[in-house]
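In order, the protein sequences belong to chains H and F.
All residue numbers for the first sequence refer to our numbering, where the first residue is 42 and numbers rise by one.
All residue numbers for the second sequence refer to our numbering, where the first residue is 42 and numbers rise by one.
No lab work stands behind these hints, which were simulated from the structure alone.
From the three backbone atoms N, C-alpha and C, an ideal C-beta is built for every residue, glycine too.
Do not take every clue at face value.
Below, in silico cross-link-like pairs of lysine to any residue (SDA-like), each with a Cα-Cα straight-line distance of 25 Å or less [said to hold, decoys possible]:
no., chain 1, residue 1, chain 2, residue 2
1, F, Lys189, H, Lys239
2, F, Lys189, H, Lys176
3, H, Lys176, H, Gly103
4, F, Lys239, H, Glu210
5, H, Lys253, F, Arg137
6, F, Lys253, H, Lys176
7, F, Lys239, H, Gln227
8, H, Lys239, F, Gln230
9, F, Lys189, H, Gly190
Far from chain H by the CB rule (all over 10 Å, computed), these chain F residues [unchecked claim]:
no., residue
10, Ser50
11, Ala115
12, Asp119
13, Arg137
14, Asp272
15, Ala278
These are the residues of each chain, in order.
There are 2 protein chains.
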Amino acid sequence: MPSLDICFSPELLPLYDLRGRVAVVVDILRATSSIVTALAQGVTHMVPFSELEPCREMASQGYLTAAERDGRQAENVDLGNSPFGYLDGVVPVRGRSVAITTTNGTRALHLSAAAEHVVLGAFLNLGAVVDFVRKQQQDVVVVCAGWKGKFCLEDTLFGGALAHRLAQEFDVTSSDATLAALDLWQAAQPDVAAYLLKSAHVRRLNSLESHKDMEFCVREDVYSLVPVFRDGRIVVA
Amino acid sequence: MPSLDICFSPELLPLYDLRGRVAVVVDILRATSSIVTALAQGVTHMVPFSELEPCREMASQGYLTAAERDGRQAENVDLGNSPFGYLDGVVPVRGRSVAITTTNGTRALHLSAAAEHVVLGAFLNLGAVVDFVRKQQQDVVVVCAGWKGKFCLEDTLFGGALAHRLAQEFDVTSSDATLAALDLWQAAQPDVAAYLLKSAHVRRLNSLESHKDMEFCVREDVYSLVPVFRDGRIVVA
């Protein structure tokens, strides 16, 4: 039976051997939620950058640019990190490619590149991720983007939700991180959004924008696609 | 109001500024539990080592030697890492000094040395740690030894228990790690030992020895002393 482990921070990734495994990178607030939304709205592919300037320069190659620093949209880019940027029609996105950089998510993606498959997970596409890893039958490591390298609740809850759905087919008891995530997922029921209102990160986001993003980002199974990161690009699997 | 944060792994310590703070190093199974027990049984002081050989060599200076690797007592030392080694009378410990090395705990201690105070926490001396940090009125970082750098449940539960007792006087809501530990502490009620039986680390320990150590190590407020680590030695505060 393949195992499901959870890495609470990209800083801990050196302790995990990703080779031959599926890495599910998650940054619920808001990188992976926004990327899933973008691809569902017809974005052709996305290129993640760790740094702001090379991301901005992709505009000259016809890319839309999306950038967030400390929870705010960066200057001189087309989009921030809110999924609503891809939904509200202010910037038409269908058929476009997007260069993206975020505080935590991009870093987690790049650090996960050693895995056999690097997929992007969010509550929005939870069911699709479940189907994907079920089909691979390989060990899974959920890579939480965290907040500046530290543990964060919302990414952990995603790990718990994934483990909960796969508990019959995957070993979810050999890792204390997975056991903890399962219990936290339980503690967050029945209202995950209400539970997350107490999280430090949500309160930080809250002070900058609104609850709107968070409430959208905890909705499950809105989109049925799985983004994969391969050859430097994020595309639909 | 001072804050209480929790660092789930020594590998994440570079993200925490320990200067001017109290670091509470915890390795419930079993380093800090054994050290608290040792000092309560009249051991004068202890010297922690990261490596086995320099620890063994302290025998020539009159030290008892205590060493564990992968959950077992190392060869050619007086004691392992079980608290019962200091209780069963096989090796008389009163008035003796002890050189100690363990897989995870010693490393966490040395990495915490930048803190204003480095104290050792266990369920066995939980109330004494509460009193100590209450008196200091400085920010607290609980440093979990973890298991080979990874998250472990029992150290996290200690963090949750400490936060629970200090929730009125310390800010325990600004860190997602502390919020998670509080919820896991809640989930572990009313029987922490039963809860920990599912943990990966406990099952590992279980296969080598017995439940005896674990059941002893989750007992609260058995000893009223606080070990501090200063100038390379662990002594009673």
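message = For F/Ala278, is the shortest CB-to-CB distance to chain H above 10 Å, so the non-interface label stands?
response = holds (29 Å)
query = Is it the case that F/Arg137 keeps its Cβ farther than 10 Å from each residue Cβ in chain H?
reply = holds (34 Å)
query = Does H/Lys253 pair with F/Arg137 here, judged by a C-alpha cut-off of 25 Å?
reply = violated (62 Å)
inquiry  = Check whether the Cα positions of F/Lys239 and H/Gln227 lie no farther apart than 25 Å.
reply    = Given that 25 Å is the threshold and the Cα spacing comes to 16 Å, the pair holds.
ask   = Is the nearest Cβ of chain H still more than 10 Å from the Cβ of F/Ser50?
value = Violated, because the least Cβ-Cβ distance between F/Ser50 and chain H comes to about 6 Å, which does not exceed 10 Å.
ask   = Within a Cα-Cα threshold of 25 Å, do H/Lys176 and H/Gly103 meet the stated pairing?
value = The hint is violated at about 36 Å.
task = For the pair supplied as a hint, F/Lys239 and H/Glu210, confirm whether the alpha-carbon distance does not exceed 25 Å.
result = holds (18 Å)
ask   = So is F/Ala115 really clear of chain H, every C-beta pair being over 10 Å apart?
value = holds (23 Å)
request  = Measuring Cβ to Cβ, find out whether F/Asp119 lies farther than 10 Å from everything in chain H.
outcome  = Answer for F/Asp119: holds, closest chain H Cβ roughly 31 Å.
key: Satisfaction of hint between F/Gln230 and H/Lys239, Cα-Cα up to 25 Å   = holds (21 Å)
Agreement of F/Lys189 and H/Gly190 with the hint, judged by alpha carbon distance not exceeding 25 Å = The hint holds at about 18 Å.
key: Assertion that F/Asp272 lies outside the chain H interface [Cβ separation over 10 Å]   = holds (30 Å)
In terms of the numbered hints stated before, the structure departs from hints 1, 2, 3, 5, 6 and 10, listed from lowest to highest.
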